[in-house]
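Peer 1: So the chains spell out like this:
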Amino acid sequence: MRITEKKKIKVDHECKDFPIYLTWLNSLGGYSYWLFFKEHSELTKTSLENQYIKSIEDLENAISTNDITGKSAEHTIQIGGRIQAEDMGGITGLYESPKVERLMNPDTWETDGTGGTPAPKWQRVIIKPGSITILKTGIEFLTIKMTLELPFINTQKE
Amino acid sequence: MGLNVTEYPQRIVDNNPLFVSKWSAINHSMLFKMERQDYPVFIFYNPVTFVLVAVITVGTVIDSPLPGDKIYIETPNASGTFILAAYGFPNVFTMEPKTWTGGTGVSGFMNLLSRKNYFIRTNVYGINENNQYELIGQNRNKPDSAGRASVDVSAFLKNIVGYEDKFQYNILNEKDETLGSPYNITYSENWEFYEGAFSGLSTTLLRFGVNSAKQIQDLYGQNMGVYVPFWINLLTPVPFAKFLSDFESPTYFPGFPFSLSFIYSEYLVGIQTFRHQENFDVNGNSVAIIAPIKLSNGNAQEVNRLLIDYGFPSIIKFAEVWLETEGVIDCVEYVQPGYVQIGYVESICGLPIISLPPELGNPTS
Numbered sequence: 003m004r005i006t007e008k009k010k011i012k013v014d015h016e017c018k019d020f021p022i023y024l025t026w027l028n029s030l031g032g033y034s035y036w037l038f039f040k041e042h043s044e045l046t047k048t049s050l051e052n053q054y055i056k057s058i059e060d061l062e063n064a065i066s067t068n069d070i071t072g073k074s075a076e077h078t079i080q081i082g083g084r085i086q087a088e089d090m091g092g093i094t095g096l097y098e099s100p101k102v103e104r105l106m107n108p109d110t111w112e113t114d115g116t117g118g119t120p121a122p123k124w125q126r127v128i129i130k131p132g133s134i135t136i137l138k139t140g141i142e143f144l145t146i147k148m149t150l151e152l153p154f155i156n157t158q159k160e
Numbered sequence: 029m030g031l032n033v034t035e036y037p038q039r040i041v042d043n044n045p046l047f048v049s050k051w052s053a054i055n056h057s058m059l060f061k062m063e064r065q066d067y068p069v070f071i072f073y074n075p076v077t078f079v080l081v082a083v084i085t086v087g088t089v090i091d092s093p094l095p096g097d098k099i100y101i102e103t104p105n106a107s108g109t110f111i112l113a114a115y116g117f118p119n120v121f122t123m124e125p126k127t128w129t130g131g132t133g134v135s136g137f138m139n140l141l142s143r144k145n146y147f148i149r150t151n152v153y154g155i156n157e158n159n160q161y162e163l164i165g166q167n168r169n170k171p172d173s174a175g176r177a178s179v180d181v182s183a184f185l186k187n188i189v190g191y192e193d194k195f196q197y198n199i200l201n202e203k204d205e206t207l208g209s210p211y212n213i214t215y216s217e218n219w220e221f222y223e224g225a226f227s228g229l230s231t232t233l234l235r236f237g238v239n240s241a242k243q244i245q246d247l248y249g250q251n252m253g254v255y256v257p258f259w260i261n262l263l264t265p266v267p268f269a270k271f272l273s274d275f276e277s278p279t280y281f282p283g284f285p286f287s288l289s290f291i292y293s294e295y296l297v298g299i300q301t302f303r304h305q306e307n308f309d310v311n312g313n314s315v316a317i318i319a320p321i322k323l324s325n326g327n328a329q330e331v332n333r334l335l336i337d338y339g340f341p342s343i344i345k346f347a348e349v350w351l352e353t354e355g356v357i358d359c360v361e362y363v364q365p366g367y368v369q370i371g372y373v374e375s376i377c378g379l380p381i382i383s384l385p386p387e388l389g390n391p392t393s
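If you're matching them up, the sequences are chains A and B in order.
The opening residue of the first sequence carries number 3 in my numbering; numbering runs sequentially from there.
The opening residue of the second sequence carries number 29 in my numbering; numbering runs sequentially from there.
Okay, chain A solo, but in the shape it has when bound (with noise of 0.2 Å):
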């Protein structure tokens, strides 16, 4: 006896390049995915944390008259793509999610676990809060974007 609902589940052959497969805890309680690929960029964000004018003794073999302590960095993808309105349900739900995490191993997570089994590596990301368009009517695809916030990138600090 059927227990469930009978859940389609499309099969995408196509294939990708330059794959960003994602995957969040959606408002269900469950986990969903999606491959973002060929339309994205990636960005470096840097902003200086203090900067101070040095103090010169010896002036003949100074090297500079102001310094910094360091520079924060921080990685940004932008990715897109056109998505057909039937699955525009799930993208909100990516859209939304507070939790999105990042296949870092898209290549070889079928075997790098002991022995050549899977594990998958993930990496947490955030998607940069704005709005996107949800629902057109009478359109099948709608052309969304979004912004990765990727961890932190560590640099020497004074």
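Note that these hints are calculated values from the structure, not bench results.
Careful, some of the hints might be misleading.
Quick look at which bits of chain A chain B covers, simulated, 3 or more residues with Cβ under 8 Å [stated by the list, open to error]:
hint	region
1	19–32
2	91–98
A few chain A residues that don't get close to chain B, going by computed Cβ distances all over 12 Å [unchecked claim]:
hint	residue
3	W36
4	H42
5	E59
6	E103
7	L105
8	G132
9	I134
10	E160
All figures in this text were calculated on a predicted structure; none of them were measured in a lab.
All C-beta atoms in this analysis are idealised placements derived from N, C-alpha and C, irrespective of residue type, glycine included.
Dock chain B against chain A, hints included.
Peer 2: Below, chain B alone, put in the same frame as chain A:
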């Protein structure tokens, strides 16, 4: 009488009392409504003298009520607070004159408001990896003037779920403790100079929290009844439980990890449950029926991850996946605490026995 739970965080599904969902979304309140009823009483009221007499019908007074103490009385039609005029040992309470509209010769209950600093202590237990209760929090609640209180346990359960995908995608189904947790509660009455004993803790019947967030006007509110698979017998049709996916039709990208999440409910403990899968081509024609494969029953009573059969040739455009059972008994192995051998497992046909926590008299494993 004493203290009773009058309402649990559960819902009847499909208007059928056979289908009770005890699975709640932990990001909302999960309320146990409790009612204090110190003594069942029979009320006699004289409308001429306005004197009300309450006679305890069952039980013994464990306090020492004195004239001047406040008494709360409630019957099906009326309620009120009275001042005790005289106490006739062992069970007759005569009140100071006061108007009463609840009639005479009626049954109700009486609360002694002379119990100072009355509060309810609720212990919330999760289940550890050794299948043993583990205290995860304690609540203190003061009931309102009518003796009613709402005890919310959701905050404690939020502390024991997680937010990291640790599934290894190498087993058909596996419980994911980050997605939810079974739990239970015990409670006791307390007031000045009195510490009551806790209520019993079932060793088999549990309640469940899911790391989910429902929306206003969702069916069954904060209860996850739509997602709970039920099984009664072969003659009783059941509502089809939904999988925990925010896609109407999720997409599988070959070569990447994928699983379905679902509630492996207590209704399926001890019986064989199978994953079914059928593959279709672009025209919706059935191309392959995958042989049913039996789920690991020891993972029941938790939110589970479920693998699909990934062997999709390029002509397959979509698959349908679902769960079935015929109710055949499936004895499963559970870790049993209290044995010398670490990780000792025992085969059990039916609901697994949850060991009581050390504070209730059971040794730790």
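Peer 1: Find the nearest Cβ of chain B to the Cβ of E160(A) and say whether that gap is larger than 12 Å.
Peer 2: Answer for E160(A): holds, closest chain B Cβ roughly 34 Å.
Peer 1: Checking C-beta pairs, does the region 19–32 of chain A have three or more residues closer than 8 Å to chain B?
Peer 2: Satisfied; 9 residues make the cut.
Peer 1: Is the nearest Cβ of chain B still more than 12 Å from the Cβ of G132(A)?
Peer 2: holds, 19 Å
Peer 1: At 12 Å, judged by beta carbons, does W36(A) keep clear of chain B as stated?
Peer 2: violated, 7 Å
Peer 1: Does I134(A) sit more than 12 Å from chain B, CB to CB?
Peer 2: Correct as stated: the minimum Cβ-Cβ distance to chain B is 15 Å, above 12 Å.
Peer 1: For H42(A), is the shortest beta carbon distance to chain B beyond 12 Å?
Peer 2: holds, 16 Å
Peer 1: Quick check for students: does the CB of E59(A) sit more than 12 Å from each CB in chain B?
Peer 2: At roughly 53 Å from the nearest Cβ of chain B, E59(A) sits farther out than 12 Å, so the non-interface label holds.
Peer 1: Checking C-beta pairs, does the region 91–98 of chain A have three or more residues closer than 8 Å to chain B?
Peer 2: holds (count 4)
Peer 1: Verify this label for me: E103(A) is non-interface relative to chain B, using a Cβ-Cβ cutoff of 12 Å.
Peer 2: Violated: least Cβ distance 6 Å, not greater than 12 Å.
Peer 1: Say whether it holds or is violated: L105(A) keeps its Cβ farther than 12 Å from all Cβ of chain B.
Peer 2: Nearest chain B Cβ is 7 Å from L105(A), so the label is violated.
Violated hints, in rising order: 3, 6, 7; the structure is consistent with all others.
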